[in-house]
Every structure is written in C-alpha cells, then in structure tokens.
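Each chain is listed here by its residues.
Protein chains: 2
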Amino acid sequence: MIKIVVIGSGNVAKHLVEALSQASSIELLQVFARQKSSVENWIASHKIISNFDQLADADVYIIAVSDAAIAEVSAQIPFEKKLVVHTSGTVAFTEIDPKNQRGVWYPLQTFSKNKNVDFSEIPFCLESEFAEDYPLLEKLTESLNATHYLINGEQRKALHLAAVFVNNFTNHLYQMGKEICDENLVPFEILKPLIAETSNKIKNLSPLEAQTGPAKRQDIATINRHLEMLSDENKKSIYQLLTQSIQKTNVKKL
Amino acid sequence: MIKIVVIGSGNVAKHLVEALSQASSIELLQVFARQKSSVENWIASHKIISNFDQLADADVYIIAVSDAAIAEVSAQIPFEKKLVVHTSGTVAFTEIDPKNQRGVWYPLQTFSKNKNVDFSEIPFCLESEFAEDYPLLEKLTESLNATHYLINGEQRKALHLAAVFVNNFTNHLYQMGKEICDENLVPFEILKPLIAETSNKIKNLSPLEAQTGPAKRQDIATINRHLEMLSDENKKSIYQLLTQSIQKTNVKKL
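Chains as they are written, first to last, in the UniProt record's numbering: chain A, 1 to 254; chain B, 1 to 254.
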C-alpha cells in the first residue's frame, strides 16, 4: 500500500481524493484543508486536518493547491527527506522546499467541479528530483489506471502552453460559435455534433490532414462573405488572423 | 418509398449515397457523376449515369456538388416542377434553376473521405421554396434517422460561419498545439484526452460556464510567461488576441 496525504481543497484535489480513495493499492491517510468544511463532502471527517503539526507519516505528500501557494505550503511540512510532489503544469519542482525530495505529478486534464473524471483517460506528467523516487510516482499513477510520461520541467511548461491552445482557446471558439447562433436565433445544439466530430477526427488524423474549410481551400469568395457578415470587430479580427494562419500553415507544410 | 437521384461525386455525395442506399424507405435510383470511375466503388455500375438525358423520374434530386457548380448543374436537369435540393451551407436555394421546386438539405457535419459517418448524429438544415415540399424533406431526413431543423437561408449562412469557428479554427488550434509539442519533443498524444474532454464538456455546460485557463482567471503572470515562450510571431498574435477576447467576454458576460 502506498500511503498518501493530499494537501489542498480545490478542484484538482477533490478529483484526486475521490480517485485515490477508491484505488486498492493506495491508503489515503489524510486530506489537509485550511477550512474543514470545504472537503467534508469528499472524505471521512477524521481524515481531515487543518494544522500541519497533525500531518501523518506518509510515502507521498501531494500538494494540489494554486501555483502561487505551492512554495509556502511545502515549507510548512514538518518533515524532511520525504517525497513531496505538486500537481501543477507550470511550476518547477524547485519551488518546493528543498528539505524534502521533490517531484511533479501533473494530471494533464481539465477538471470541472460537478463532472466525474475517468482517470484511466488521463495522462500524468511525472518528474522527480531523485531517480530513486520515480518508480513510486509510476506506481501511484498506475494505481489509478492512468498513463504516465517522463516529462521534464521545460517540456511540461510547453505542454501547459499547448493545452491553452487546444483547450482554453478552443472553448472560446465554441463561445463565438454560440454567440453567432444566438444572434441569428439558431439553436447552438445544431453545432454540437460538429464539435464532437472535430475533436474525434484528431484521434486518427493529424490536425494538418484533418484541416478543412474556406481558408484551407483558398476560397476567397466565402472568406470575404464571412468577413462582411461579422459586424463584431473582435470576431472579425479573430476570423482574419486564424484564416491567414491556416493559409500560411497549409502552404508551408503541404 | 422515396425515389432519389444524387448528383455529385465528392465527399458529401459519397457519404449520402452510402447512407441512402441502406435506408429502407429510400429507393436510390441513380448517381450522376461526370466520370463514372469516381463513384464505381460506392454504387452498382448500372445506377451510374453521366449524361443528364438519362436522368430517371424521381421524387427528389439531391445536388451534392461544389457551391460554384450548383446553378449550372441545376439548369441541366431536363425536368420541371420537380423537387430539387442542394446540400450547401452557404448557397441560397434561389441559385437552383427556377424551373423546378427548390430547397436545401444541408447536413451540418464535417465529412472525411475515409471515415464512416453515423447519420443519426447529424443535424440537417431544411428549407423549401414551397411549403408542400417540406414534409418530404423531413421524411427523407428521418429515413436516415437524422434530426432536422427548419433553417432559413440567412440562418444557414450564420450556422456555416459559426461552423468555421468551432470546426476549422478549432482544428487549427489543435495544429498549433501539435507544433508546440513537436518543438519540445513531447508526444502530441498527451493532449488528446484533453481535446476530447474539452469538446465533451460542451454537451452539458455552456461555453461560458466551461471556460477555464489563465485568461479567464486574469492570471497575468502565466500569460506573460506564455508570451515569452512563444518565439513564433503568428502564434504569439493568436495567443494575445484570443486571450484579450476571453478577458473581454468574461468580464462582459459574468
């Protein structure tokens, strides 16, 4: 059994605690939360602590707090030479207090408060200060049936940046699509199968192979008609910039 | 039985022919293709015609050709007062020759050459010049177990524009994510579960509710770090514009 303590009470902490509680090879000893009430729904109350002096002796301490709080929280752990990892995509493991053996256990996924997560679908990016700690991070990940990759700090930052493009920016394009539907009294529902298929295609085709549309086929008449339809200057700028970018990419790469 | 002729040999025609051939309430009489060889793999050769004089008497003629060819093709149909529809998202039904009764049967989906399509997942946008023809377009759609919506020409153009945002532009963001991965020797595979989940969220949350990331939470430090990491000016411009747009949208709407 791998003995675990989770420090944090946010979205990522919640989903990790739920998954770790159910893993047969994991013993979840404690959850640290400054306000006990914030985690009472996910874990038995005797396992909740809000004072670092109460921290139990564990194999891994998982710090799942906001990026800005990682350093401070790690400094308050009253142990030395323990394996302490954070779950952030952007923070270097060196932000963790050096009295412990440091690492990263970063689940690359978007977590929503009220939506269950299937951890077997989540890739974890692993990094450890000392090679001897790496196998334990692998085992921890495998206990959730999740996949893991050895990813160094620079690569992890790049992945986080790429994730902003494919997740945050993509979702904003859905928002623009919805606004165009709303303005024209068309149900956004109609676009949902297209949204699903667009992401589905990527499972088997490269984005370059999957690219379609007026920009890809240099259909200037349609592009100009679309630009005329867009009265909102912000949407017009985004349409122009992304159209130019597709045109350049496809000329360059094909 | 609804008697159908499909005119066209492209991607949309192919998928429609495959689906219509299997529908129990449809009799697919003929497929018109200028080059017989282009459609020989999808339909029995005695049903392929390449001369408009050979067109059989059908209930609906479906023109599934490029937007620019719709008017010319429709003029060559040697019948009058027949129901003739096109499958385009952007062309008005009035582009079809007025000697026939005109309409639109637009499947809002992205079709790939070598990927099967589940028509029960596809919304069709329907429009007919004469009200009397509308029920037949409904029946035609229902024969494929697909859903249908009454959508006028202006709405259809808006949907097509919205589709460029949620499909073509989204796919291009996947391409940028892949380029960032490639440059940092990280497998693009790692991002695929995130891409799937981002589109999946939209089934139950509005895009505004689903929005996350540094722009949404006004995390200026992360935004600046990302901008420093982007050496490619094109990606940097897209990052800035979409970040500003998310910031504006979320301030405005929440």
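I should point out that these hints are in silico values taken from the structure, not numbers from a laboratory.
It is possible that some hints are incorrect.
Which copy is meant is left open, so a pair is good if it fits within one copy or across any two.
What the hints assert, rightly or not - List of simulated lysine-lysine pairs, BS3-like, C-alpha gap at most 25 Å:
{"hint": "1", "residue 1": "K139", "residue 2": "K235"}
{"hint": "2", "residue 1": "K178", "residue 2": "K157"}
{"hint": "3", "residue 1": "K99", "residue 2": "K139"}
{"hint": "4", "residue 1": "K113", "residue 2": "K99"}
{"hint": "5", "residue 1": "K236", "residue 2": "K216"}
{"hint": "6", "residue 1": "K139", "residue 2": "K81"}
{"hint": "7", "residue 1": "K99", "residue 2": "K36"}
{"hint": "8", "residue 1": "K82", "residue 2": "K235"}
{"hint": "9", "residue 1": "K235", "residue 2": "K248"}
{"hint": "10", "residue 1": "K236", "residue 2": "K36"}
{"hint": "11", "residue 1": "K192", "residue 2": "K178"}
{"hint": "12", "residue 1": "K235", "residue 2": "K203"}
{"hint": "13", "residue 1": "K192", "residue 2": "K139"}
{"hint": "14", "residue 1": "K157", "residue 2": "K216"}
{"hint": "15", "residue 1": "K178", "residue 2": "K47"}
{"hint": "16", "residue 1": "K203", "residue 2": "K157"}
{"hint": "17", "residue 1": "K113", "residue 2": "K36"}
{"hint": "18", "residue 1": "K82", "residue 2": "K99"}
{"hint": "19", "residue 1": "K47", "residue 2": "K157"}
{"hint": "20", "residue 1": "K139", "residue 2": "K36"}
{"hint": "21", "residue 1": "K99", "residue 2": "K115"}
{"hint": "22", "residue 1": "K216", "residue 2": "K47"}
{"hint": "23", "residue 1": "K192", "residue 2": "K236"}
The hints, checked one at a time:
In this assembly of identical chains, K139 and K235 lie within 25 Å of each other by CA distance neither inside one copy nor across copies; the values are 47 Å within and 37 Å between. Only between protomers do K178 and K157 lie at most 25 Å apart by alpha-carbon distance; the minimum there is 14 Å, versus 31 Å within a single protomer. Proximity of K99 to K139 under the C-alpha cut-off of 25 Å is restricted to the intra-copy arrangement: shortest distance 23 Å within a copy versus 72 Å between copies. When the C-alpha separation of K113 and K99 is checked against a cutoff of 25 Å, the pair qualifies neither within a copy, at 33 Å, nor between copies, at 58 Å.
With identical chains, the CA atoms of K236 and K216 are at most 25 Å apart both within one copy (18 Å) and between copies (21 Å). When the C-alpha separation of K139 and K81 is checked against a cutoff of 25 Å, the pair qualifies only within one copy, where the shortest distance is 19 Å, while the shortest distance between copies is 71 Å. Taking identical chains as interchangeable, the C-alpha atoms of K99 and K36 are never at most 25 Å apart, the minima being 27 Å within one chain and 75 Å between chains. With identical chains, the CA atoms of K82 and K235 are never at most 25 Å apart, being 51 Å at best within one copy and 41 Å at best between copies.
Taking the shortest Cα distances, K235 and K248 sit within 25 Å of each other both inside one copy (20 Å) and across copies (12 Å). For the homomeric pair K236 and K36, neither the shortest alpha-carbon distance inside one copy (48 Å) nor that between copies (42 Å) is at most 25 Å. In this homomeric assembly, K192 and K178 come within 25 Å of each other (Cα to Cα) both inside a single copy, at 10 Å, and across copies, at 24 Å. Taking the closest pair of Cα atoms, K235 and K203 come within 25 Å of each other only across two copies (23 Å); inside a single copy the shortest separation is 29 Å, beyond that limit.
For the identical chains of this complex, K192 and K139 are inter-copy neighbours only, at 23 Å across copies versus 38 Å inside a copy, given an alpha-carbon limit of 25 Å. In the homo-oligomer, the alpha carbons of K157 and K216 lie at most 25 Å apart only across protomers (19 Å), although the nearest pairing inside one protomer, at 30 Å, exceeds that limit. When the C-alpha separation of K178 and K47 is checked against a cutoff of 25 Å, the pair qualifies neither within a copy, at 44 Å, nor between copies, at 42 Å. With identical chains, the CA atoms of K203 and K157 are at most 25 Å apart within one copy only, with a shortest distance of 23 Å there and 29 Å across copies.
Taking the shortest Cα distances, K113 and K36 sit within 25 Å of each other inside one copy (18 Å), while across copies they are farther apart (55 Å). When the C-alpha separation of K82 and K99 is checked against a cutoff of 25 Å, the pair qualifies only within one copy, where the shortest distance is 8 Å, while the shortest distance between copies is 82 Å. For the identical chains of this complex, K47 and K157 are neighbours neither inside a copy (33 Å) nor across copies (57 Å), given an alpha-carbon limit of 25 Å. Within a single copy, K139 and K36 get their C-alpha atoms no closer than 29 Å, and across copies no closer than 59 Å, so neither meets the 25 Å cut-off.
Taking CA atoms no more than 25 Å apart as the test, K99 paired with K115 passes in neither setting, with 37 Å inside one copy and 54 Å between copies. When the C-alpha separation of K216 and K47 is checked against a cutoff of 25 Å, the pair qualifies neither within a copy, at 56 Å, nor between copies, at 33 Å. For the identical chains of this complex, K192 and K236 are intra-copy neighbours only, at 23 Å inside a copy versus 29 Å across copies, given an alpha-carbon limit of 25 Å.
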